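Each protein sequence line maps, in turn, to chains A and B. Note that the first sequence covers residues 1 to 107 in the working numbering. Note that the second sequence covers residues 108 to 223 in the working numbering.
Hints were generated in silico from the structure; no laboratory data involved. Careful, some of the hints might be misleading.
As the list claims (entries may be wrong) - With the C-beta cut set under 8 angstroms, the calculated list includes, among others, these residues of chain B facing chain A:
1) V126
2) L151
3) L153
4) G160
5) F174
6) S197
7) F198
8) I200
Source: prediction; values computed, not measured. We put the CB at the ideal spot given by N, CA and C, even for glycine.
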Amino acid sequence: KNEVEQSPQNLTAQEGEFITINCSYSVGISALHWLQQHPGGGIVSLFMLSSGKKKHGRLIATINIQEKHSSLHITASHPRDSAVYICAVNTGNQFYFGTGTSLTVIP
Amino acid sequence: GAVVSQHPSWVICKSGTSVKIECRSLDFQATTMFWYRQFPKQSLMLMATSNEGSKATYEQGVEKDKFLINHASLTLSTLTVTSAHPEDSSFYICSANRDRVREKLFFGSGTQLSVL
């Protein structure tokens, strides 16, 4: 069993749709990261959170520590949001990565 | 945000040769750097954690004699793939931060290694 599970694995959306990507984890964590990887391979850290909710532009990340669950929301999705989104958790000693969600936003 | 530079972006080498990949933090001192490997259409796999001035900590299943990591300064870590073979062909990426608990990760742009 993976320590971090993401869903869905693949997601196709029409431009403008509201998107949700889910992440569940089974270990105690000090922080959870949402990462974005574009087709060229470069990775950008979108959020690091340990409680509550963070917002940056059209992106919102939430975490429920008791339920060991986090969601990444994209409002008014755009083709440039097409990328792989990876959830990663930091236990303080170790990082565990989800298998990623491949998002394609169609114009 | 902090900048992490990784070099080279891609490298092609013959089987049996060694390849060195550099990861530099350009505008901050990174006490910890991480090295990852990624196969096509798969997620990141943490290979090792590199701490300045001490030996790297390798993840289970990663051969430390195969993947040599040196973190000689607070701004530079290197990964050397020794005696590379075609199965070592992969995308290698590093990340760094100043505080591994309280800060976001900053990633290099990755190195695509192809071993012929």
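Hints, verified against the model:
1. V126: violated, 17 angstroms
2. L151: Hint holds; L151 of chain B Cβ to chain A Cβ min 5 angstroms, cut 8 angstroms.
3. L153: holds, 5 angstroms
4. G160: Interface hint status for G160 of chain B: violated (19 angstroms vs cutoff 8 angstroms).
5. F174: At 17 angstroms from the nearest chain A Cβ, F174 of chain B fails the 8 angstroms test, so the hint is violated.
6. S197: With a minimum Cβ separation of about 11 angstroms from chain A (threshold 8 angstroms), the hint on S197 of chain B is violated.
7. F198: OK, holds: F198 of chain B within 8 angstroms of chain A, min 6 angstroms.
8. I200: This interface hint holds because 7 angstroms falls under the 8 angstroms limit.
The structure is inconsistent with the numbered hints 1, 4, 5 and 6, although it conforms to all the rest.
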